[in-house]
Structures are given as structure tokens and as C-alpha cells.
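**Q** Residue numbers for the sequence shown follow the numbering used here, beginning at 2 and rising by one.
Don't read these hints as lab results, they were simulated from the structure.
Source: prediction; values computed, not measured.
Just so it is clear, CB atoms sit at the ideal spot from N, CA and C, and this is done for glycine as well.
Some hints here could point you the wrong way.
[To be verified] Pairs of lysine-lysine residues, derived as DSSO-like cross-links and limited to a Cα-Cα distance of at most 30 Å, are as follows:
id, residue 1, residue 2
1, 196, 7
2, 398, 372
3, 17, 240
4, 89, 112
5, 354, 272
6, 272, 196
7, 198, 69
[Said to hold, decoys possible] Here are the in silico distance ranges between beta carbons for each label pair:
id, residue 1, residue 2, range
8, 247, 320, 54 to 62 Å
9, 31, 194, 15 to 23 Å
10, 205, 94, 34 to 42 Å
11, 223, 391, 42 to 50 Å
12, 268, 354, 31 to 39 Å
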Amino acid sequence: MLTLDKFEEASEAVRKVTQETKLVYSDYFSEQTGNRVYLKPENMQFTGAYKLRGAYYKISTLSEEERKKGLITASAGNHAQGVAYAAKCFGAKAVIVMPTTTPLIKVERTKNYGAEVVLYGDVYDEACDYALKLAEEKGYTFIHPFDDLTVATGQGTIAMEIFQELPLVDYILVPIGGGGLATGVSTLAKLLNPKIKVIGVEPAGANCMQVSLEKGEVTTLPAVNTIADGTAVKRPGEKIFPYLQENLDGILTVEDDELIVAFLDMVENHKMIVENSGLLTVAALKHLDVKGKKVVAILSGGNMDVITMSSVVQNGLIARDRIFTISVLLPDKPGELVRVSTVIAEQRGNVIKLEHNQFYSTNRNAAVELKITMEAFGTAHKMQIIEALEKAGYEPKQIRPNL
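Required output: the full structure, derived from the provided sequences and hints.
**A** This is the structure in C-alpha cells:
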């Protein structure tokens with residue numbers, strides 16, 4: 002049972018391995034939403050995510066015999082690092098089965114904590130089935146990443162810390178993959194204050210909890226498709242599901258495009274790197290239909306590889322019209338390129354890429370194509386540049402930037 006005594010016990014235990022992640026008040030998101038928004042930066046944990054809490058508390062409750070058998074789990078990365086680190090603390094062997102799609106940074110960091118990593122399957126669910134098979138064959142002790150009440154209790158210690166800092170919190174937004182974090186947070190929140198609202202947030206392409214709650218039973222999605230790899234789960238936990246039915250006040254879903262913009266917001270306004278799954282709650286802030294409330298968004302993790310980060314930044318700039326590309330046709334004669342550049346420069350546009358295609362038409366004197374990729378301050382500035390080109394006699398067409 003998830004009791005207050007167990008949550009207090011878990012809070013004492015996890016202090017040995019967690020870093021203090023005090024709430025960060027966000028002027029930016031507060032102004033954007035009309036609420037008082039606070040961020041719970043679990044991306045700043047030593048292993049880069051909240052998962053260390055549940056993993057360490059679970060392993061601390063195991064017998065010496067269970068630990069000596071060796072520990073095994075399946076994870077898309079953050080629970081993997083939590084188990085690997087906690088196992089190292091207790092001197093236990095750890096085997097981690099990770100999907101083949103797991104970002105390299107999560108694989109390498111898991112290995113660095115001394116764990117043996119096995120890559121299997123395209124999604125978490127396939128990796129988990131294989132981990133259970135290995136546990137049976139080798140006699141390992143299996144540490145489930147979310148469908149375990151002890152693990153969920155460890156994750157719920159986040160709510161204890163939120164209430165210590167912000168006793169009158171109105172809403173807590175929590176990311177959902179399999180549901181372990183949401184179970185612990187929502188259950189403890191209701192124990193501390195039944196009036197608190199806890200809202201789960203899922204990627205629209207992996208909304209297994211939303212579907213399950215609507216049907217009233219644990220349901221498996223046929224497939225998942227999301228850039229939020231840490232929450233790309235087809236089926237939520239069976240053991241924890243009743244707690245979520247009782248304590249969760251709703252589910253919001255977020256499209257991948259919203260996560261891209263949220264990443265840019267976090268980097269520019271809070272100078273923090275938060276992975277896509279951890280950004281679910283940030284992206285969901287604008288979907289929360291309340292005003293004047295104290296809202297805490299849990300940033301569940303920050304383990305993101307540099308290549309993914311680069312892609313997200315570029316796409317975020319494009320989504321915000323900070324980078325855009327236009328195509329214009331102009332005669333192939335001296336001075337035309339200078340003329341176009343002058344119009345753009347006068348509007349303070351910054352050209353970052355030019356593609357001059359002389360083979361657009363068989364009649365080069367009639368028209369050649371010029372693709373211009375440039376930086377702008379945002380949508381209004383972009384439209385200002387386009388209008389200036391139109392007044393200069395060009396007919397700019399917007400096309401997708403190819404960076």
C-alpha cells in the first residue's frame with residue numbers, strides 16, 4: 002500500500018543519493034499562462050532524471066540475497082541510469098535492457114555506472130519482455146521501471162518536496178509514460194491535500210494512460226510514435242492503475258511540435274536542457290484551462306544527446322519563424338543578387354544560406370531561382386521582410402528550410 006509512512010521512509014532514503022532540486026519560479030511561463038508557474042527541475046539530478054528516486058528506494062528494500070542474484074530492468078534510459086547507479090551504491094550487478102532506439106548518451110552513461118547494457122527491440126515494451134525473459138533464465142531480480150508500488154513510492158517523494166516549499170500548490174503537472182511517477186506524485190499529493198489537482202501529461206503519439214482511463218481498464222496501444230522517447234510506452238502498469246484511477250484528476254496530451262517549441266523556451270528563458278519527455282508538462286501549461294493558480298510543472302529529466310538537441314533547436318527556430326526560407330525568381334544579369342540582398346539588409350534580415358539555381362528555366366534571361374534562408378526576430382519580422390520584397394517587385398514563396 003502507498004501510505005504516508007512509506008512515503009516518509011522513502012524520502013529519508015532517497016536523500017542519500019538525490020540532489021536538492023528546489024522549485025524555480027518562472028516569470029516567462031507565468032506571464033504566458035496567467036498562473037504562478039514553478040518548475041521542479043529533476044533534470045538536475047546526478048543521473049539527469051527523477052528515476053534514481055524509485056530505483057534507489059526499491060533496491061534499498063531488497064534483501065541481501067535478492068541483490069546478490071543481480072538486478073535487471075528495462076528502460077529507455079533514465080530508469081536504466083537510476084538502477085545502474087543505485088546498484089553500484091549497493092555493490093550489486095546490474096543488467097539493463099534498452100531499446101535499440103535509445104539515445105547514445107543514455108546508453109553510454111548507463112555503462113559508465115558499471116551496468117551491462119543489452120540493446121533489444123524498438124520500443125520499451127519489447128525491451129521489457131526480453132528483460133523478463135532474461136530474469137527468468139538467469140535468476141536476476143527484476144526492477145520494474147513503473148509498475149511497482151515501491152518504485153512508485155520512491156518517485157512520489159517529489160511531491161513531498163513540492164509541498165515543503167509550496168504548501169498551497171493548486172496544480173501539479175506530471176509526465177506519464179508507464180505511470181509510476183504519476184502514481185507516486187498523485188497519491189502522496191492527495192494524502193497531503195485532497196483538494197490538490199494532479200494532471201498527467203502524455204505525448205499524443207503514446208497516450209496509453211489516457212486511452213486506458215477512458216476505457217476503465219489497462220489498454221495496449223497498437224503502436225507509439227513520438228520524439229519523447231522516455232514516455233514512448235504502449236501499455237501502462239497494471240498494479241499502479243487503480244491508484245491513478247483514484248488520484249489523477251485528468252490527462253492532457255501534447256503534440257511533438259509543441260515539445261520542440263518548449264525546448265527552445267526552456268533554453269532561452271531558463272538556460273536549462275530538458276529532454277522531450279521532461280518537456281511534456283511545460284508544453285501542457287498552455288492547455289491548462291485555469292488562471293491565477295499556483296502550478297508546478299515537473300521536469301522529469303534532461304538526458305538528451307547533442308544530435309537530437311541540434312535537430313530540436315533548428316526545428317524550434319523554424320517553428321517560431323526565427324529561421325525561414327523563401328524562393329524568388331529573378332533575371333540572370335549582374336546586380337540582381339545585390340538588389341535582393343539590399344532589400345533584405347534594409348529590413349535587418351540576416352542571410353545564412355543562398356542557393357542560386359541557373360537551370361530553373363531554359364531561358365535564363367527570363368528567370369533563375371534564388372532560395373534564401375535567413376534569420377528573423379519572429380513572425381512579424383519575417384512578414385515585414387516578405388512584404389518589402391513584394392514591394393520591390395519580387396514574388397517570394399515560402400518553402401521549408403533545408404539546413
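**Q** What hints, given by number in increasing order, does this structure fail?
**A** Hint check: 6, 7, 8 and 12 fail, others pass.
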